[in-house]
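I would like the entire structure built from these sequences, with the hints used as guidance.
Here the protein sequences come in this chain order: A and B.
With the working numbering, letter number 40 in the first sequence gets 40, and the count goes up by one each step, no holes.
Counting the second sequence from 1 gives a position; the working numbering is that position plus 1000.
Since the hints were derived computationally from the structure, they do not count as laboratory data.
Only true hints are included.
No farther apart than 27 Å at their CA atoms in a straight line, the calculated lysine-lysine pairs in the BS3-like style are these:
1) 120(A) <-> 1226(B)
2) 110(A) <-> 1226(B)
3) 58(A) <-> 111(A)
4) 111(A) <-> 1226(B)
Here is how the chains run, residue by residue.
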Amino acid sequence: MATTPLLEAQNLAVRYPNGELALHNVSFTIKSPSFMAIIGPNGSGKSTLVKAALGLIKPFRGTIKVLGYDSVKQASKIRKQIRYVPQRDRIELAVPMKVKDIVLMGRLLKKLPPRIASSKDIEIARDALRQVNMDSLWNHPFPELSGGQRQRVLVARALAGEGSVLVLDEPLAGTDVESQDLIVEALGRYHRENDVSIIMITHDLNPIHTLVQDVLLLKNTVIGIGEPCSIMEPELIKKVYGPTAKIVEHSGHRYCLTRDSGFDRHD
Amino acid sequence: MIDIIQVIVSSPFLQRALFAAVLVAVIAAASGTFLVFRGLSFMASGVAHAALGGTALGIFLQESGLVPWFDPILGALLFSILVAAFTGYAGESGITQKMEVAVGVSFALSMSLAVFLMYYIPPYRVPQIWGYLVGDILLLNDFDIIMLMSTAVLLGVITLMFNKEFVYVSVDMEGSVAHGMNARMYHYAMLIVSALAIALATKAVGAILVYAILVAPAAASNELVKSVRGVIFSVFLIALIAELIGLITSFVVYVSPSAIAGILAALSYILALQIRRVRERVQTEIEETSLAPEDLVETFNQSITIEQKGDHNHEH
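This is the structure:
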């Protein structure tokens, strides 16, 4: 029996807020449930694709559907299913939030005002923090954490939430090795143990390429789609990341060497 | 002390002033806190000056006979809502810089309009416009107090009900929208209700003091207090104390209560910065000493002694 696809784009074109064309002729289908990665260099339209899917940006042309719901007409239905973690630098640090406030946000955002946390919410939030080894900092001010720790808390926010699709924008950018391992491990475990899909935007496929089932390679349009190893083709990677990109094989896995930092913004 | 209380009881001006001081502190706690969280402290100043422009328009419409029933306060409220809506529109994507530009532009526009209209307003009413700039908490009438109280209550209730939403909009606008919260509505609600409160507080204490009272205590508290609730409470206290000292001083010395309150509020921020700096210095000192755990020190000492032994052998 065919299930509703996780993502389905048809002839999608999206502009950046400054009017520049971010994506064009994007058509693809990803089955559900999946652990998928969207990869591509800086400015390739990865975040824009996800924002269009969540109805945060209107497509300039074409459509994108999440779980069969149209991103423009049925955005509220999509958002019931979504747990979203934006790029880390999108989180404003001027507000004195505690670690627990950030994680509870994942649950309270899906409630109605006055959004009071029940003891069950607190328990789930604590458990999510335990997954990324941050539970001891429950009462710690969020802005005082290191970049990697902040990212772990944000991933915990997604783990604590409800909804069948987790969307994470660059959760591994600028993190230390420990945080990276913890995040990858927690996401992998969560995907195995629960009936959820994970969409992860990343500039670096290497840390997660044994976990992901589908990879979408973007450079303003779809360059490649498929399993991680089929995407790790020298020709494809060079087309996207330039001639300096390399594929290295090590203990049966392919790794991709690029000079990409993973930080990009388009306001 | 008893004398002062007797004066207060017998003077309706003072009663109103004290009551207004409490109300302005409530507005500062509810509105100033969230403006500072959003990095929009400048909006307090923008709205206060827009209120001044609106007042000028109101007086002009009245005096010219175009719209005789138009009370200047309506102009002030209208302009402040326009500034809030314009700022909100510029910042729908959650980017603070764009909102600041919008505030700056509306600030310039409404001040220019005020100066422009002043030429067509009878000179005896011009001081009323300037009154909005300086303000006098001792000259409030019952109607002012009722207006101020109703907005303070409205703002207080809305903040109590929706403080989580306001915080979420400030912390992560994109994420809030993506999770299905109507962030846009809360974004506008927060700005417009704040603007109304600021406009009425401007009439009470003047544009310059509104800026000082709304922003400085919030900025000071945000440096030192580490929870949202704590910041709100601390802003209320600082603002209230500054205003009360201002009022009391104005009895002892010949001085404007607003001026004293503004200076004290601004000083609270400078003091908070100093306290924070001292605190950080103490913290780094503690961290430095704990940076060298015992086993590391031991290894370090061992490596030195081995080196020394080596040197010793070498000399022989």
